[in-house]
Every structure is written in C-alpha cells, then in structure tokens.
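> Next come the chains, spelled out residue by residue.
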Amino acid sequence: MAPEKKISKIQELIYEIRVSEVMKKDVFTVSPRTHMSVLRVILKENRFSGAPVIDKGKLVGIISIEDFIKWLAGREDDCPIGEKMTKDVRTLYSDEPLTNAISKFDQHGFGRLIVIDRQSEKLQGILTKGDIVEGLLKKLEVDYDNEETRRLRIQHFFEDISADKTVLLFQYDVIGHDFKKAGECSSRLKATLKRLGLHPQITRRVSIATYEAEMNLIIYTDGGHIRVRVEPHEILVRVEDSGPGIPDIEKALQPGYSTAPEWVRELGFGAGMGLDNIRKCASKMDLRSTVGKGTRLGIYVSVNDGAGSETN
Amino acid sequence: MKLTELVQKLNLSVRSAKECLDREITGGYASDLLSDVLANGEEGNVWITLQLHQNIIGVASMKDLAGIILVNGREPEPETVEKAEAENIPVMVSELPTFELVGRLYKLGVGGTVE
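Each protein sequence line maps, in turn, to chains A and B. Position in the first sequence (first residue = 1) + 3 = my numbering. By my numbering, the letter at position 36 of the second sequence is numbered 29, and the numbering carries on one by one without gaps.
It is worth saying that the hints were derived from the structure and are not from the lab.
Straight-line distance between alpha carbons at most 30 Å, and here's what the computed DSS-like set of lysine-lysine pairs gives: (1) A:K197 x B:K11; (2) B:K11 x A:K183; (3) A:K12 x A:K141.
All chains should be built: construct the whole structure from the sequences, respecting the hints.
Spelled out as structure tokens, the structure:
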C-alpha cells in the first residue's frame, strides 16, 4: 500500500479525540485589573508562560510572557494587565476535534490556545501542543493495552466466525520409526486447539488420543497422516497409515496386549495401553484395518461431554 | 506444596526450566510406562520415572504435569533437556531409587490420586 494512501492511527485519532479530552482544565487566570507588577510575581512563582484574562466569567484576553517582556523593555509605569494584554484571542471550542486545534497551531504559531464552551463562551481550559502529544500517547497506550489483553485472552475463535457451518481441517504428517520427533504432531495440535479457545479438558483428551495414535504410527508403521477436523460440536481425528495392519483388532484393543519389540518397550512404549487410552479419551472410536494394506482410526471427541476427564 | 520446596527438601538437582519451579503440585505419579502416565497421571502431578529420553517431555506436556523427577541419579539425555526447556517442563534428578523417593514424598505430604 502506498504510504500516502494509508490512514494512520494518529490521523484517525485526531478526528476522534475532542479538545476537552486532552486540554488542561486547571487554568490559572488573571483579572484585567491585576497590575503588571503582580503578574511578574505570579509568572515567576508558577513558571507560567502566560495566562488567560477573565472578567466577570468571560474571556477578555490573554497575557503572555512576551507581553510582559515588552512592558518591561518599555520601562513603563505599572498598569493593569487589561492595558497590555492581547485582546484578539484565538480560541477553540471544547467540542472541536484535535485536528482543528492542530491546524490553528500551524496557522498562527501560537504556543497555546484558550478553550471555551461553545454556548456559554466560558473558559473551559487551555491547550498546548504538548497536551495534544500527551493525549495521543495516552490514547495509543490504552489501545495498545486493550490489544495486548485481547491477544492474551483465550480466543473464542468459533464465536467470532459467522457461518452456517464451520469446519477447520488440520493435517499432520508422521514419519515412521522416528522417535526423535515422536509426539511433535500431537504437541502442535494441542497448541493449535488451545489457541482456538477449546475447553482445556477437550484439548487434553484430543491431544492424548492423538499422541497415542502418533506413537502407534511411529512404532509400527512407515508413517502416515493425522487429519483433524474441528467443528464447534465435535472434533474428529482421523489417523491413516499404509501398513502393516492389525491382524486381530479385538486382541489389540485389550489393555496390556502388545506386539512391540523389546527395544521399544524399554523406552516405556508398547505397553499395550495405547488403543485403550484412545478409547477412554474418545466419545466414539472406530478402527478398521487390513493386514498388508493399512489401518484407519477415527477418534471422535464430542465437545459437549467436555467436562469428563480423560481418565474417566 | 510447590516444586521449589521439593527441590530443597529432597535435595533434587534441577536440569531444566528453573523458572517454572514456582508451581503448586497436585500429587505424584510413579511409572516407567508412558501410556500408563498418559492414562493415569493427573494435571499438576510430579512424575517419578527412570526413563531419560525426550518422549517423557511430550507426555508431561500432554498431561500438563508439574515436573519430572528422575531416580537413581540418572541424568536426562541432552535432547530431553533441550525439549524440556522449550516446553517449560522442570526435570529434576534424585539420587534415591523410586521406592525411597516416593516414601519421602509421602512423608512430605505429597500423595497419589486414589479414587
């Protein structure tokens, strides 16, 4: 995108933020009848560079440090502020957007603008360029904070999708006999499901079942695919390989039955509990296998019986 | 009880994820079969095992276990430590054998989960 076409956040904000939100409301004012000698003390003690002049609640002028220096240089006698102040005061209405203030600052080169109420014309506050910068930074900080919390919050992804049917598909490829990468797919799936904002119990059940299936692919096959289909009401994990197949599914489902080689058992795998674990985690499971062709395992986890633990 | 207390009282050497020791533990589970831990371990448990290979980290991470204690002074494999750091799983080493270690854990008030 061309930079000049891009509307920056700042540009957006200066139209959005009103003068009243960033101006200083605590304004020190002086009366036109106060003497210049008194003003000297006020400016010095408070380090003001100027002050609005108010008479009977109405803004009648502004007296700045420049006016004061001019008076000093002229070596004139003491006199009321009313005689030396700038009467032609540029004002802003408190309900104007910041962009108006910015263009006024640009046009006239003033250091500050007096803010008055549109109806009553009464003094509301004072605005400097510094106030604008500060106001913008504060607003950006708030926005940034909100954005951060939004990111940290578990995303209820599905709730944000508007459709009659929502299905998400993930595929993970498992390499057979690669113990170094064992568990990686289920680990990635777990992180993904967490990110989707699924119930932690559901996430754990799906990942444990997938972990066991992944281990089976690694121990017994040359590899295969894990395809995960996520719908708002159900998660289906399909595990497919192309051999060697299970000769006796009934037996394989029995806890403790295992055909794992000794070296696999030494690693703590192959205890014959994998399929049983999967069955415990799943709401429904279907297993089909043909010797020499391969095995297809479907693990269904229903989101509604999510509160149930994986050990129940 | 927190992991930090266990480390101190049982004189464990921490091999990974030192910054995650502040976690409260829910109990303990002792087993060398990974599927057994997957089936019967509970979230927040400390797991006592003699398995050293990196797959123990995967299991601990799947079950959201608080940490792993290796027995008999057995040191984790380098890949295990690496993975444990990445997954924020504390791996600790005890000089004691499993039976002894579990006994000490019970003395400290860390029990198992019996339904």
